[in-house]
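Chemist: Each chain, written out:
Protein chains: 2
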Amino acid sequence: MYEILHRVGVIAPAEDVFKALTTVEGLAGWWTEDTTGEGDILRFRFPPGGFDMRVLETRPAEFVRWEVAEGPEEWVGTEIHFELRQEGEFTIVLFKHEGWRERVEFMNHCSTKWATFLMSMKRLVETGKGEPSPHDVQISDWH
Amino acid sequence: MYEILHRVGVIAPAEDVFKALTTVEGLAGWWTEDTTGEGDILRFRFPPGGFDMRVLETRPAEFVRWEVAEGPEEWVGTEIHFELRQEGEFTIVLFKHEGWRERVEFMNHCSTKWATFLMSMKRLVETGKGEPSPHDVQISDWH
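Line by line, the protein sequences give chains F and H.
Numbering-wise, the working numbering puts 131 at position 131 of the first sequence, and it's gapless, one number per residue.
Counting from 1 along the second sequence, just add 143 to a position and that's the residue number in the working numbering.
Just so you know, these hints were derived from the structure itself, not from any lab.
Even glycine gets a Cβ: it sits at the ideal position worked out from N, Cα and C.
Be aware that one or more of the hints could be misleading.
As the list claims (entries may be wrong) - Listed next, the stretches of chain H that the computed footprint assigns to chain F, with coverage defined by at least 3 CB atoms under 8 Å from CB atoms of chain F:
| # | region |
| --- | --- |
| 1 | 150-161 |
| 2 | 217-229 |
| 3 | 244-251 |
| 4 | 273-285 |
What the hints assert, rightly or not - Take a look, some chain F residues computed to stay more than 12 Å from chain H by CB distance:
| # | residue |
| --- | --- |
| 5 | R43 |
| 6 | F46 |
| 7 | L56 |
| 8 | E67 |
| 9 | G77 |
Throw the hints in and build the complete structure from the sequences for me.
Modeler: Listed below in structure tokens is the structure:
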């Protein structure tokens, strides 16, 4: 099993970061504008497709865990974790996308793309303006 | 053993990307301004420290492989690979930093930081201006 790891520090209280990770408005502000929620399912849509996440666990200002319920074959069944902790003026976000069964080229792409989206989340919380899809930074021919 | 993976696409010929990865001038334009070279060693310095890389292999416009000769304990002995291929107007760069012995929090940080530096490399090659240290994007309290 393979995993994608990231770490960003957001200059804001952990409660604000948690809100960006757990509300439709927050998620639409940094990942994709086309975000909807129903029950424990969050639906994220992008021009080429999308993902449905099942929210498995949330602990206020501390932890968020999703399981990919629908999406590209490589993603289904994988998990995404956001672990938060306060460190001075920063909220540190430890990100993990785990359970990749193969080390495919798409994993390289998703790793870089997650980094740019986490930076978008940081900017959203710090400045009020992120870069969600379809306004996200293009990193390659795969967008 | 653990690894960091990334993928970016640079709108430029592979020869230009190769130059950004194999010349002191190129590397100083996207990673750190304080880059020097001597024999098969490249020295990269940042405000808090730095890395010496031994260039193990280069194949023009195709492949670059470094071994970390000096640097933070977690990095020494790890390898960094850049694999290039042309894909229409893009040069695809597959990046791998392999040989991490432990999944430490520093690995999360380096993964995100590599992504932002690879985006700096993309901008340098496409526009002539990257964001090398000390002008690099701050991602957290660890810089």
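Chemist: So which hints don't hold here, by number, going up?
Modeler: 2
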